[in-house]
Amino acid sequence: MTDAPLTELGVIELADAVRRGQRRAEDAVRAHLDRIAALDGHLRAFLATQPEAALARAREIDETVRRGADPGPLAGVPVAVKDNICMRGLPTTAASRFLADFEPPYDATVIERLHAAGAVILGKTNLDEFAMGSSTENSAFHPTVNPWGADRVPGGSSGGSAAAVAAGQAPAALGTDTGGSIRLPAAFCGVTGLKPTYGRVSRYGAIAFASSLDQIGPFARSAADAARLLAVLAGPDDRDGTAAPEPVPDYEAALTGDVQGLRIGVPAEYFAEGVAPEVERAVREAIDVLAAAGARVVPVSLPHTPYALPVYHLVATAEASSNLARFDGVRYGYRARGPVSGPDDLIARSRGEGLGPEVKLRIVLGTFALSAGRYDAYYGKALRVRRLIQEDFQRVFREVDLLAAPTAPTPAFRFGERSADPLAMYMSDVCTTGVNLAGLPAASIPCGWVEGLPVGLQLIGRPFDEATILRAADAYQRRTDHHLRRPALPAGAAAGGEAR
Amino acid sequence: MSSNAGTEPAVDRPYEIVIGLEVHVELTTESKIFCGCPTRFGAEPNSQVCPVCLGLPGALPVLNAFALEQAVRAALALGCRIQERARFDRKNYHYPDLVKGYQISQFDLPVGYDGFLEVGDPDNPRRIRIRRVHLEEDTGKSLHDQVPGASVVDYNRSGIPLLEIVSEPDLRSAEEARDYLAQLRQVMLYTGVSDARMEEGSLRVDCNVSVRPRGSETLGTVTEIKNLNSFRSVVRAIEYEARRQWEVLSAGGTLQRETRHWDERREVTRAARRKEEADDYRYFPEPDLLPVELAADWVESIRAALPELPGARRRRYVQALGLSPRDAETLVADPELARYFEELLAAGAGVRDAAAWVLTQVLGLLNAEGMTIAAFPVPPARLARLLALVDEGTISTTAAKEVFEEIVRTGAEPDAVVEARGLRQISDQAALEEIVDRVIAANPGPVADIRAGKGKALGFLVGQVMKETRGRANPQLVNSLLKERLGGG
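Protein chains in written order, with our numbering: chain B, 1 to 500; chain Z, 1001 to 1489.
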């Protein structure tokens, strides 16, 4: 494996080769930068890259290895970071016109942890503006193309990160997941994406969409690689009061390949109408693989599942309406030009001009849900139903160790197919939002193909039991090769010489 | 409108004023409520800020545990019940000095509730109920007169911990409101929760004022006067506003429920710009902060460590120490002065002497020098020694005043000053008898007067003895020796 093209190596392979001095971080970073240069004119996964900084950092890592020291578990691993995670050195835009020129004066906790583990950040990836969307079409700058089909969206909102990992532009990436924004693009792009338990990873530095739902998580091309990344990202943080004190287990040690006796629940409601038959077939075949490996498959019911999507949209928009209030044009970001009649005018015009239509739609919806006289009927009721959804999960997790379901009801759709109809777009999240409302960890891994497009298997675990999700995902990947397939990319890709 | 409204005696009015106060107190903490920035007053604008208190994208609040403890301490000192599970909420509104577009505050689960403060005569106080005590963050400060043609904002204050203390509408006059504020301020100072300096804005007051005909039990239309920053403004604004309301009502008009501002210069209240719709702050639970469990044993440990509070101390001074209510109030009003008095007692001074000295000599000197007790150079034990010298008869009261001035000036010990200046009182009977006989012999005229029953001349002879002894003779002894020899008395 040590002579394989650098852009084909996974996180663990690459980091361990760099640590042993078999591969150089500088070469690895250069190979990925080259591949970005070759492919990104077509994919447009990145909003910005930092080649000089990345190469300088890579040389430091190589120097550390030469000195005989260990640069860390992600030594020399190039990472792409969703552009709603604050980082010094480049703008952090959240794919919004409002923040087009905003350079944070600080690094998010996850950025600090990646650096401390020896990772090298290549650049910032595209997303739906402020992570609001399921296709990355809501980016204020440009859409991102799904590496598996030039006419297909990569999913969203972390579409740039998922596409970058699928296309070999980076072996790993960070995303954020508020209602499915890691898992959906992971499914659409055929990569492994993990949304950790709420509180498992510090949110400090992630531009908030819905604070009670947001989590940062990793993308990689295997569950084992995701385990290595999660171990670096996870853990308490004195800058985030919602980051949990629970100890971080050794996720890689949990990857035994053994699922003997593991009880896997299959929730009937996640296979309801709207889920494409080919998707259902692929997911059930994947469950059969785990059953054949010794897992016990148990039919279960999560009766409040149909309410998850509307509850999610009330909670998320309400919190978003408040979280995005800070973008007022007073201290940073977009400011309306020309004379203003006073502070209200300045704020209204800056927001009116600087924020995109989907963002404004959600701010209006959330403001409505919280407004006097409507709180109880909307936000208050949503909180009560959220509790019922949480209780559904608590109940089934007394009988099973893991849940298996589709990540998305369909494979990646075409550009423009759903962007005119918000409700059709929101249906993309029908299988993912319940997990955020309950604060649970869940992964999406590729489990099959429909007309050449990947299908995602979603594995949902108990709170803080990412280890079991990763063990099952890894066991599945040891027995199948869906995660090893790479997209055929257009001519420019050949310039990198490493695409198959 | 008369600007003398503030002096009109309450009993003459045909109406009753109903007042509720919302007081914002800056808590004394080293760092801000949700970040590590310092809270020092008067720093260079925007020099005490960070991503959190500037509300930068991605920054998150983390609760300062000491701010919470200070809030619990204040709530306990105000007789509040403490919430078992307190929660923070977001109050949403836009203003340039509000960095996040919302203020982190507490809505339905404040730290403390159902408290009270007593005002008026310590022997027959009136209990003013406190509805709630909650913790919140301060905003930045908009400055409209620093840069020509522009408004600028100083965010140093953004995120300073504030306690909001909301009374029920139990106050019935501007003077009572002032008394309530004075008591509240004392509680803050005694507990060390706040320095409560109105001139630095660390104690700010909103007044809810309404009027009603005497004897009526229904509440009138309330107006809110925002952001008063001196006791005097509070009194005058309430008096003005009540009178304005009564005049509107008397003329058959109706009042608006509205916010008004106090114009310090003209001494009138003015309606604030009215918004198209009522403020809707869209409160909802702050998802970035977990609810806070206030464990009963922790709360009890704070309660147990509370100092004697000003109300209790005032009562004790009057009832147990026998001080006049006025003297008690003067001592209690300044916790440092009261502490000095307490230490004087602890060092052995008698209550009466200690109170007299603190209230006259010490306070007189502080006022004359514009000094606080904290800067007073004589430690209580040293002053107690001086008082003991008088009490023992070692020096006279007159000499004591001289010694006092000297120990204030030089920091010397009283005994040393007495010795150095030869101020020791002559109480030796034999020595004094000799001097007394000499004075009698030298003053036949006055002696004859006394013998003729003119008592006034005795004072002259005492004065002569004092002159002979350079003031050191024990005056009681001189008196009795003179009377013994000259008869009478």
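Rather than coming from a laboratory, the hints here were simulated on the basis of the structure.
Some clues are possibly wrong.
[Stated by the list, open to error] Calculated pairs, BS3-like style, for lysine-lysine (alpha carbon to alpha carbon, straight line, at most 30 Å):
1. B:Lys381 with B:Lys360
2. Z:Lys1456 with Z:Lys1483
3. Z:Lys1483 with Z:Lys1454
4. B:Lys360 with Z:Lys1091
5. Z:Lys1401 with Z:Lys1483
6. Z:Lys1467 with B:Lys360
7. Z:Lys1467 with Z:Lys1483
8. Z:Lys1226 with Z:Lys1401
9. Z:Lys1091 with B:Lys381
Just so we're clear, the structure is a prediction, and the values are computed from it rather than from any experiment.
Hint by hint, here is what the structure shows:
A hinted pair counts as satisfied when its Cα atoms are at most 30 Å apart, and B:Lys381 with B:Lys360 qualifies at roughly 23 Å. As the CA atoms of Z:Lys1456 and Z:Lys1483 are separated by approximately 12 Å, the hinted pair is consistent with the 30 Å bound. As the CA atoms of Z:Lys1483 and Z:Lys1454 are separated by approximately 13 Å, the hinted pair is consistent with the 30 Å bound. Of the pairs offered as hints, the one joining B:Lys360 and Z:Lys1091 holds, with about 20 Å between alpha carbons and a cut-off of 30 Å not exceeded.
Of the supplied pair hints, the one linking Z:Lys1401 and Z:Lys1483 holds, its CA atoms being roughly 28 Å apart against a limit of 30 Å. About 94 Å separates the Cα atoms of Z:Lys1467 and B:Lys360, which puts this hinted pair outside 30 Å; it is violated. Distance check on the hinted pair: Z:Lys1467 and Z:Lys1483 sit about 18 Å apart at the alpha-carbon level, within 30 Å; holds. Among the hinted pairs, Z:Lys1226 with Z:Lys1401 is inconsistent with the structure: their alpha-carbon atoms are about 49 Å apart, more than 30 Å.
Our distance criterion of 30 Å between C-alpha atoms is met by Z:Lys1091 and B:Lys381, whose separation comes to about 20 Å.
Hint compliance for this structure: hints 6, 8 are broken, all remaining hints hold.
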